[in-house]
Amino acid sequence: DSGNVRHVNQEKSRDYLQDSDDKFLFTVNTSSGKHPETQVQIGHTKVNILIDSGASVNLLNYPIFQQIQKDDNRIQLQKTNARIFAYGTPTPLELAGEFQATVTSASGTFKTAKFYVAQKKSKCILGYESSSSLGLIILNINTLNPVQQDHDVRRIINKHPKLFEGTGNLKGREVKLEIDPTVTPVAQTNRKIPHSMKTKVNKKLQEMREEGIIEKVEGATPWLSPLIAIPKKSGDLRLVLDMRIPNTALARRRVQIPTVNEILQKMEGAKVFTEVDLSQGYLQLPLAEESRHITAFSTPEDGPHRFTRLIMGASPSGEHFHEIIHELIKEVPDCANISDNIWLWSKDRETHLKRLDQLLTILRTNGITLKLPKCSFAVPQINVFGHIVSEKGIRPDSTKVEAITNAPHPTTASEVRSFLGLTNYCSRYIPDYSSLTFPLRQLTKKNVTFHWDHSHEKALQSLKNAITTSPVLAHYNLTAETKVVVDASPWALGSVLLQKQADDNYRPIAYGSRSLTDVEQKYGHIEKEGLAIVFGCEHFHMYLYGRSFELETDHRPLEHIYKAKLQSKPTSARLERWRLRLQEYDFHVIYRPGPSNLADPLSRLPKDGKEGSKRSNMEACADRYVHYMTQAQTPNAMKLEDIQRETLADPELQQIKQNLQNNQVYKLPKAYKLIAHELCITDQDILLRGDRIVLPNKLRQQTISLAHEDHTGMVRCKQRLRSKLWWPEMDKQVEERIRCCHPCQLVSKSPRPEPMEPTKLPKKPWSKLAIDVCGPFPTGEQVVVLTDYYSRWPEVKILKSVTSKNILDWLLSVFATHGFPDEIKSDNASYFVSTEFKDTLTSWGIEHKTVTEYWPQANGQVERFNQVLEKHILTAQAEGKAWKPTIPIMLLHYRNTPHRMTGRTPSSLLMNREVKTKLPSFEQQTNDETETRKKDEEEKEKAKKYTDKKRKASPRNLEVGNKVLVTQKHRNKFTTKFHPDPMVITKINGTQIVLKDKNGTQHRRNSSHVKLYQEIPDPEEEIQSDRKHDRQTESREENTEATQTETNQNTTETEIVLRRSTRNRKQPDYLKVG
1 DSGNVRHVNQ EKSRDYLQDS DDKFLFTVNT SSGKHPETQV QIGHTKVNIL
51 IDSGASVNLL NYPIFQQIQK DDNRIQLQKT NARIFAYGTP TPLELAGEFQ
101 ATVTSASGTF KTAKFYVAQK KSKCILGYES SSSLGLIILN INTLNPVQQD
151 HDVRRIINKH PKLFEGTGNL KGREVKLEID PTVTPVAQTN RKIPHSMKTK
201 VNKKLQEMRE EGIIEKVEGA TPWLSPLIAI PKKSGDLRLV LDMRIPNTAL
251 ARRRVQIPTV NEILQKMEGA KVFTEVDLSQ GYLQLPLAEE SRHITAFSTP
301 EDGPHRFTRL IMGASPSGEH FHEIIHELIK EVPDCANISD NIWLWSKDRE
351 THLKRLDQLL TILRTNGITL KLPKCSFAVP QINVFGHIVS EKGIRPDSTK
401 VEAITNAPHP TTASEVRSFL GLTNYCSRYI PDYSSLTFPL RQLTKKNVTF
451 HWDHSHEKAL QSLKNAITTS PVLAHYNLTA ETKVVVDASP WALGSVLLQK
501 QADDNYRPIA YGSRSLTDVE QKYGHIEKEG LAIVFGCEHF HMYLYGRSFE
551 LETDHRPLEH IYKAKLQSKP TSARLERWRL RLQEYDFHVI YRPGPSNLAD
601 PLSRLPKDGK EGSKRSNMEA CADRYVHYMT QAQTPNAMKL EDIQRETLAD
651 PELQQIKQNL QNNQVYKLPK AYKLIAHELC ITDQDILLRG DRIVLPNKLR
701 QQTISLAHED HTGMVRCKQR LRSKLWWPEM DKQVEERIRC CHPCQLVSKS
751 PRPEPMEPTK LPKKPWSKLA IDVCGPFPTG EQVVVLTDYY SRWPEVKILK
801 SVTSKNILDW LLSVFATHGF PDEIKSDNAS YFVSTEFKDT LTSWGIEHKT
851 VTEYWPQANG QVERFNQVLE KHILTAQAEG KAWKPTIPIM LLHYRNTPHR
901 MTGRTPSSLL MNREVKTKLP SFEQQTNDET ETRKKDEEEK EKAKKYTDKK
951 RKASPRNLEV GNKVLVTQKH RNKFTTKFHP DPMVITKING TQIVLKDKNG
1001 TQHRRNSSHV KLYQEIPDPE EEIQSDRKHD RQTESREENT EATQTETNQN
1051 TTETEIVLRR STRNRKQPDY LKVG
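Counting from 1, position 281 in the sequence shown corresponds to residue 281 in UniProt numbering; the numbering is continuous, with no gaps.
These are calculated hints, taken from the structure and not from any lab test.
Computed from a predicted model, the values in this text were never measured in an experiment.
Worth double-checking, as some hints may not be accurate.
[Unchecked claim] Computed Cβ-Cβ distance ranges for the label pairs, DEER-style:
#, residue 1, residue 2, range
1, Gln702, Gln41, 22 to 32 Å
2, Ser132, His409, 50 to 60 Å
3, Lys950, Ala220, 52 to 62 Å
4, Asn828, Arg716, 50 to 60 Å
5, Thr947, Lys639, 48 to 58 Å
6, Pro651, Lys123, 24 to 34 Å
7, Lys639, Val960, 44 to 54 Å
Glycine is no exception: its CB is placed at the ideal position from the N, C-alpha and C atoms.
Required output: the full structure, derived from the provided sequences and hints.
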């Protein structure tokens, strides 16, 4: 490919190497003469940039910088003292300054990088470090592949081409996991996969199905583990399972694994060495059919699947893998393995090549494949768990003690104490330790001014040399009890690997520490301590993998977080990602306070140089995971930049971030303090709770509107927001906002009706009447019904035409018999509200009252008789009779039947006598009005309780001046339940409410027809209301305090008079003598 890098010129002219801060730009030559260019995103701006593998810096021209700053005003140009030289020129470039920004490649990989800005027009250049970190280039300088270098090795490898292709599949053997049947299977809840990753996840699952690594599950799945999608630096995905719960049911297989010392002893005298690395080692071992169900997991679209191969994360996988590989290679002389590491050694080259060919043949015939770039063939020395083995012997790996030897000079008495605390742990192994440390201990005394001189420097160097000698670092032993001690400070991580020796004392095996990057320094304290655990395990991976060990930390919450509990509390996205990363290690976390933590000094002595800026794949992967989650959880109609900008402008969130970074959890607001272990800060300065964004205050109401734009219900709206976002009292704010949604109020259900208010029995018969019209009937007639509220006596008139005059004529004939009543109640029909009807009743001395519109229940007495009348007419029709002649007979029986509410017949209550009917009767003289009223009240109270319970009635807290929505007549499918224009209550009379619309028109309605209108409060009015409330509260507190003071003073001045109790005294019965 003509675009590949062919040659890098790295010769530097001594004429311009004048300062250690000088930077250089080189020329990248390609066979086509074209320079490799790509497009990256710097901040929020996409920039076409040249990849320069020989450049030590990143360079932009000034117009490009202006565009970047315009898109993101947080990026500011800083002064710089750096000098940048083009290749072969002695004159430095003229620089405008420097700045730092996040640069993102097309694959989604990102990092924080420093850019220099040139004054004059120049090409934009991306240097080697940034290009390689983003995965844009891969250079192998001064390193040749052994296959190309060694013809004999190349000849052997060419005999086995299939050995280096794809993922292998072991032939003739399966792994059977021992599953405890007494452990109850657990089907865990699926982890939500962001929509942006689902396509990649489905594609990866399809690849794994095609390779036979997974298969679809048919039938029930008692075990179900969450599927976790982790983005790789290359843009691909790694799919893993959270096996913490299934591991409780898996029995460990105790396999005799050789110690490192045993292997090193066997290598004595060897001159040629080989190390091979298996391609996706565990996935090359088939899993037995009866063991596959415990690896079941659910996919986003294709249902449950399970693994057909041994998976990483299952606790017995390491032992099974080591045992099987050992069985394969045991026929090869001078060959050994620990788990997936295979070593071959020989005393001469010829023998070694024969055994190498034998080893590769065995692996190929058994279906095992290797990863060629990670293999070393026929080399003169090899690294075995930190020991460099060659024909000259065995020496320790110098990087093991680099953390201590590269520690900088202490600059304060506190740093001296930290360094001495570390070396004191090893004092029993250092000759003349007290003499060596005497000058340094003088600096730690009180009232001594710190001054570093030659004696202190000499003591420091002597102590470092003594610490790194062989008596200090013990040999690693696979069978000894192992402990890793970790700690984190605001700027560094530290870890120590220790093992128990024959004298029952723990001795250090290796040290490790590194500085935190700028991004990592923003982490909360719990995340820094969690990162220290990950760093310790990853740093000592060669010693810890495949064995049980103890991990010691001085941060107590991590002890509980790393316990495998099914109902464990959620943690931050980073902690969850790191916990999944470490599930391949078998360890338990214990807490030990900071002063007794051995790694504490290492974390407080950061190394010089740039090691802190180099991040492991694990850490970069964790940040990419958080980055993906942040982007995936951002609402579609809202940009991530908006959240980032408002988060930086939100004083509360900024204070929370500062408290987390300074481990000041006690200063967090109450709502955040309870979830402090779930909070983390992304590299975009966005606060996360778990995998949900903590939204700034300014964007919350806008977000609720976005979530409710389809006017879904309150529960669905809250579920929608909870899946991506969080802020304090989010549910409460959502409920308040949806209650105030005008369209939702128009179509929502009516409120519950108010409790019944039974009509009181009138003082005398025929004083209060109710009138209504029943019909029309199919024959064209309508029936006018008149009833007495006291006696329930009904009068009926059949009319062909119902008019006010016809009704009044009939009423006059009735009143001629019974007299004029005091009051008549009717509905609002036109013949009842006409001027003629009202004036006539007034002339008769009768008060006319109408019920509330659209509420016939208010005239329930006559409405109930209408039901009796309609039933009688229907039964007459069913018998084939003419219904009109039967009405008088029906009235006769009704008037002479005891009414349920009063217990008396209407005729006896109205006329004080019983009317003779066809039924025999015995004349009784009973006219007890008190008993009648009592019976009426009791029956009405029973009816009220039954009806209120059935209708689930509840009192309405309506007041004059309230805005309400009023039900409207249903016209078609598009008619809302309530009228869109609110009305104002002007008068309340029981359940009858008088309303005024926007035009000033008065309306009467029952309280069941109205609903209190919820208005969205004005933020300014809320602030003024809160201030007024605070002033009133303060005033009340001052008055209370003043009253209390005055009371106390009066109490002090008043003389206290003692008196005897005035309680009546009574002699007990048992003392009374008869």
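Each hint tested on the structure:
At about 26 Å, the CB distance of glutamine 702 to glutamine 41 agrees with the hint of 22 to 32 Å. Restraint check, serine 132 to histidine 409: a C-beta distance of roughly 32 Å breaks the suggested window 50 to 60 Å. For lysine 950 paired with alanine 220, a C-beta distance near 45 Å fails the hint of 52 to 62 Å. The given range of 50 to 60 Å is broken by asparagine 828 and arginine 716, whose C-beta atoms sit roughly 42 Å from each other.
Checked against the given bound of 48 to 58 Å, the beta carbons of threonine 947 and lysine 639, roughly 56 Å apart, stay inside it. At roughly 43 Å, the beta-carbon separation of proline 651 and lysine 123 lies outside the given 24 to 34 Å, and the hint is violated. Hint check: lysine 639 to valine 960, Cβ distance near 48 Å, so the stated range 44 to 54 Å holds.
Hints 2, 3, 4 and 6, counting from the list given before, are not met by this structure.
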